[in-house]
Amino acid sequence: DAGVIQSPRHEVTEMGQEVTLRCKPISGHNSLFWYRQTMMRGLELLIYFNNNVPIDDSGMPEDRFSAKMPNASFSTLKIQPSEPRDSAVYFCASSLALYNEQFFGPGTRLTVL
Amino acid sequence: KNEVEQSPQNLTAQEGEFITINCSYSVGISALHWLQQHPGGGIVSLFMLSSGKKKHGRLIATINIQEKHSSLHITASHPRDSAVYICAVRRETSGSRLTFGEGTQLTVNP
Numbered sequence: 001d002a003g004v005i006q007s008p009r010h011e012v013t014e015m016g017q018e019v020t021l022r023c024k025p026i027s028g029h030n031s032l033f034w035y036r037q038t039m040m041r042g043l044e045l046l047i048y049f050n051n052n053v054p055i056d057d058s059g060m061p062e063d064r065f066s067a068k069m070p071n072a073s074f075s076t077l078k079i080q081p082s083e084p085r086d087s088a089v090y091f092c093a094s095s096l097a098l099y100n101e102q103f104f105g106p107g108t109r110l111t112v113l
Numbered sequence: 114k115n116e117v118e119q120s121p122q123n124l125t126a127q128e129g130e131f132i133t134i135n136c137s138y139s140v141g142i143s144a145l146h147w148l149q150q151h152p153g154g155g156i157v158s159l160f161m162l163s164s165g166k167k168k169h170g171r172l173i174a175t176i177n178i179q180e181k182h183s184s185l186h187i188t189a190s191h192p193r194d195s196a197v198y199i200c201a202v203r204r205e206t207s208g209s210r211l212t213f214g215e216g217t218q219l220t221v222n223p
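Line order of the protein sequences matches chains A and B.
Heads up: the first sequence is residues 1 to 113, going by our numbering.
Heads up: the second sequence is residues 114 to 223, going by our numbering.
Honestly, I wouldn't trust all of these hints.
As the list claims (entries may be wrong) - Okay, derived cross-link-like pairs now, SDA-like style, lysine to any residue, Cα gap no bigger than 25 Å in a straight line:
1. B/Lys-181 <-> A/Glu-44
2. B/Lys-181 <-> A/Arg-41
3. A/Lys-24 <-> B/Ser-163
4. B/Lys-167 <-> A/Asn-100
5. B/Lys-168 <-> A/Tyr-99
6. B/Lys-168 <-> A/Leu-98
7. B/Lys-181 <-> B/Gly-129
8. A/Lys-24 <-> A/Val-112
9. B/Lys-168 <-> A/Phe-103
10. B/Lys-181 <-> A/Lys-24
11. B/Lys-167 <-> A/Phe-103
12. A/Lys-24 <-> A/Ala-67
13. B/Lys-166 <-> A/Lys-24
14. B/Lys-166 <-> A/Val-112
To be verified - Simulated restraints, written as ranges between beta carbons of each label pair:
15. A/Asn-30 <-> B/Asn-222: 37 to 47 Å
16. A/Ser-73 <-> B/His-186: 15 to 25 Å
17. A/Arg-9 <-> B/Lys-168: 25 to 35 Å
18. A/Ser-73 <-> B/Ser-164: 32 to 42 Å
It should be emphasised that the hints constitute simulated quantities derived from the structure, not laboratory data.
We put the beta carbon where it would ideally sit given N, CA and C, even for glycine.
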């Protein structure tokens with residue numbers, strides 16, 4: 001079985017550009033989580049979905065960040081416009097249900113110049 | 114003070130040693146997770162527990178809810194165990210949101 005799939009694995013962009021990160025959860029999992037990891041702040045939850053519905057987006061840093069889950073097998077995290085302080089590794093994770101063990105994707109390393 | 118504190122921050126051991134990493138938390142929780150992050154960056158969930166003890170291979174995780182404390186033990190450590198180990202708690206009042214510790218960097222030398 002494939003695990004959580006994220007793309008791209010690496011993204012380098014210039015300040016002001018739009019960035020879209022993609023995630024495919026494990027088939028059959030109903031919950032999806034987006035995390036950000038930086039040296040300064042460690043791992044932080046940005047938003048999570050249950051059955052494609054956003055449940056808690058209080059971790060989204062500001063309006064430049066948005067996330068969607070149009071169907072059970074796909075989610076996007078968009079940053080527009082991007083800023084250098086958005087440089088981080090962004091992880092997507094999925095779980096069978098909200099309170100189950102979470103399985104992490106390989107992450108997308110984002111560098112905003 | 115962080116809600117989740119791990120100790121030690123860094124740990125160096127010789128192959129074969131028994132290793133303990135500690136996690137203390139200050140809030141009511143419904144579950145505690147132990148995660149492993151490899152040098153390449155990937156994160157693997159090791160355990161999710163809410164009481165007692167769990168064992169998987171050479172890894173053992175324990176939790177004491179009354180004392181708000183969990184430990185991760187590695188028996189017969191091996192260089193491939195070198196990684197960052199992260200404790201995360203799911204607070205009783207925060208749904209599925211996890212609060213993470215800062216991680217413990219473990220290096221096991223051959």
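Checked hints:
Taking the CA atoms of B/Lys-181 and A/Glu-44, the gap is about 22 Å. The hint holds against a cut of 25 Å. Restraint check for B/Lys-181 and A/Arg-41: satisfied, since their Cα atoms lie roughly 23 Å apart, inside the 25 Å limit. Between A/Lys-24 and B/Ser-163, the direct Cα distance comes to roughly 29 Å. Violation of the 25 Å bound is thereby established for this hinted pair. At roughly 15 Å between alpha-carbon atoms, B/Lys-167 and A/Asn-100 fall within 25 Å of each other, so this suggested pair holds.
Straight-line distance between C-alpha atoms of B/Lys-168 and A/Tyr-99 comes to about 20 Å, which keeps the hinted pair within the 25 Å bound. At most 25 Å may separate the alpha-carbon atoms for a hinted pair to count; B/Lys-168 and A/Leu-98 meet this at roughly 23 Å. Proposed proximity of B/Lys-181 and B/Gly-129 is contradicted: the alpha carbons are some 29 Å apart, above 25 Å. The suggested pairing of A/Lys-24 with A/Val-112 holds, with an alpha-carbon distance near 23 Å, which does not exceed 25 Å.
For the suggested pair B/Lys-168 and A/Phe-103, the alpha carbons sit about 19 Å apart, so the restraint of at most 25 Å is met. Proximity of B/Lys-181 to A/Lys-24 is assessed by CA-CA distance (about 35 Å); at most 25 Å being required, the pair is judged violated. About 18 Å separates the Cα atoms of B/Lys-167 and A/Phe-103, which keeps this hinted pair within 25 Å; it holds. Among the hinted pairs, A/Lys-24 with A/Ala-67 is consistent with the structure: their alpha-carbon atoms are about 13 Å apart, no more than 25 Å.
A C-alpha spacing of about 32 Å is found between B/Lys-166 and A/Lys-24, which places the hinted pair above 25 Å, so the restraint is violated. Annotation: proposed proximity of B/Lys-166 to A/Val-112 is violated, straight-line Cα distance about 43 Å (limit 25 Å). For A/Asn-30 and B/Asn-222, the Cβ-Cβ distance of about 43 Å falls inside the hinted range of 37 to 47 Å, so the restraint holds. Between A/Ser-73 and B/His-186, the C-beta spacing of about 38 Å breaks the proposed range 15 to 25 Å.
A/Arg-9 and B/Lys-168 have their C-beta atoms about 33 Å apart, which keeps the hinted 25 to 35 Å range intact. Take A/Ser-73 and B/Ser-164: their Cβ atoms lie about 34 Å apart, and the range 32 to 42 Å holds.
The structure is inconsistent with the numbered hints 3, 7, 10, 13, 14 and 16, although it conforms to all the rest.
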